[in-house]
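Chemist: If you read the sequences in order, they're chains U, S, R and Y.
If you're matching positions, the first sequence starts at 527 in the working numbering and goes up one per residue.
If you're matching positions, the second sequence starts at 527 in the working numbering and goes up one per residue.
If you're matching positions, the third sequence starts at 71 in the working numbering and goes up one per residue.
If you're matching positions, the fourth sequence starts at 71 in the working numbering and goes up one per residue.
To be clear, the hints were calculated from the coordinates, so they are not data collected in a lab.
Worth double-checking, as some hints may not be accurate.
Straight-line C-alpha distance at most 30 Å; calculated DSSO-like pairs for lysine-lysine [claimed, not checked]:
no.	chain 1	residue 1	chain 2	residue 2
1	R	Lys132	R	Lys198
2	S	Lys569	Y	Lys211
3	Y	Lys206	Y	Lys188
4	U	Lys569	R	Lys206
5	Y	Lys188	S	Lys569
From the structure, some residues in chain R lie toward chain Y, with a derived Cβ separation under 10 Å [unchecked claim]:
no.	residue
6	Trp82
7	Gln89
8	Gly128
9	Val158
10	Glu180
Remember, it's a predicted structure, so these values are computed and weren't measured experimentally.
Using N, Cα and C, we set each Cβ at its ideal position, and we do this for glycine too.
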Amino acid sequence: MITVKYFASLQDTVGKAEDKLDASANLSIEAIWQTLHNTPLPKGMLVSLNQEYAALTDPVKDGDEVAYFPPVTGG
Amino acid sequence: MITVKYFASLQDTVGKAEDKLDASANLSIEAIWQTLHNTPLPKGMLVSLNQEYAALTDPVKDGDEVAYFPPVTGG
Amino acid sequence: MIHILTEPFDPWQVLADYQKTHIDGKHSYGATGVFVGTMRDFNDAHGVQQMELSHYPGMTEKQTEKIINRITDEWDVLDVLVCHRVGVLLPSDPIVMVAVWSHHRVDAFEVSRAVMEKLKSEAPFWKKEVRDNSDKHWVEKNTAGYKGV
Amino acid sequence: MIHILTEPFDPWQVLADYQKTHIDGKHSYGATGVFVGTMRDFNDAHGVQQMELSHYPGMTEKQTEKIINRITDEWDVLDVLVCHRVGVLLPSDPIVMVAVWSHHRVDAFEVSRAVMEKLKSEAPFWKKEVRDNSDKHWVEKNTAGYKGV
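So that you can see chain U by itself, here it is in the shape it has in the complex (with noise of 0.2 Å):
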């Protein structure tokens, strides 16, 4: 299982916090995104996984933890 999350204007967009997938499809980051919202991810959108900075283009497994979300505006 993949626990997929989604961080502010993003989980209004998704109207949700988050999703789990079944891991047997072996899909890339950015493949995660359009095959659960059947659209690309918004352009400028950043994503982690297992909570470090990932690319688009990189491979998720079982067990991982992808998430999707705009440019940081802390501090």
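Got chain U sorted already, so can you dock chains S, R and Y onto it with the hints?
Modeler: Leaving out everything else, chains S, R and Y in the frame of chain U:
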């Protein structure tokens, strides 16, 4: 009358904190030191005139306050 | 060390307490550099009534530790403390505090500023403004921290 | 504003008090930058037991005001507070504090550092160390505040 002040190591060197000097001679800051101490002002010392940084050659007049001190080391 | 705080904090009280428990008697420091970011009641041309700060629990701490470690590896620093609010903030509430203790002032100045800039560009926090007309509005990006220098 | 202090001060308490009386409710600030310089128990290779700080009363205040005015003219700053000890200091006693309140962080960072550097090179204060062997020794010059930046 001119008020002459010494600070820090220069106060130790001259053995006092202050001198008074008659203003009739129309001397420069450098010449005042020479007059009072019979020796040139040690190299690297700073001078002020009425609490503003000044040049050794600046003229001093009646009522002025002159000071001699080493580089500052506060903060 | 990073503290994520869900309640308002007083940076000067936090510093007094932290210095007593973590610094005094343990370190011979000569310099402390502190930055505090506070919620303003305006942003660009808008009045702002309150702000909702969200974060990515886990990743925030991890990324902040990485930021601190990467920067302190390059400078001579004794300790770094970061406090960051989440939740609902009102104008004049402190949002973030970065404090750095070092032997010499150059390190305190450089590290407090560098940690602050990296926090703003890499730590997963997000601000949502509640404007004077009650509209909620995600802040889209942080402004640059250097200019004309 | 500059305060010359003859007794030990707690910078975090001074900041809490000053902010309450001079800043909160009067200014909408977003950033506070603070530097505190503290007496160390070493300098170069020597142990230092205590330090005697002297100044030029009158000129010190005048030059510090000039430093603050010259720098704040170039930046967008709401208030600057400088506290500086004179008299006999013991290790870990705060020597100097510079605090800057501004709308944006760039000004707080730039101004706190610039005021600190100018204080160290232009404000008439002098340090005399009392070393571990009880020798008294005038500090000859301040070290540079920027390096490898």
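Chemist: Confirm or reject each hint.
Modeler: Outcome of the hint check:
1. R:Lys132 with R:Lys198: Satisfied, since the Cα-Cα distance of roughly 23 Å is no more than 30 Å.
2. S:Lys569 with Y:Lys211: Answer holds: Lys569 of chain S to Lys211 of chain Y is near 14 Å, not above 30 Å.
3. Y:Lys206 with Y:Lys188: Judged against 30 Å, a Cα distance of about 26 Å means the pair holds.
4. U:Lys569 with R:Lys206: holds (22 Å)
5. Y:Lys188 with S:Lys569: Holds - the C-alpha atoms of Lys569 of chain S and Lys188 of chain Y are around 22 Å apart, at most 30 Å.
6. Trp82: holds (4 Å)
7. Gln89: holds (7 Å)
8. Gly128: violated (27 Å)
9. Val158: At 18 Å from the nearest chain Y Cβ, Val158 of chain R fails the 10 Å test, so the hint is violated.
10. Glu180: It holds, given that the least Cβ distance between Glu180 of chain R and chain Y is near 7 Å, below 10 Å.
Hints 8 and 9, counting from the list given before, are not met by this structure.
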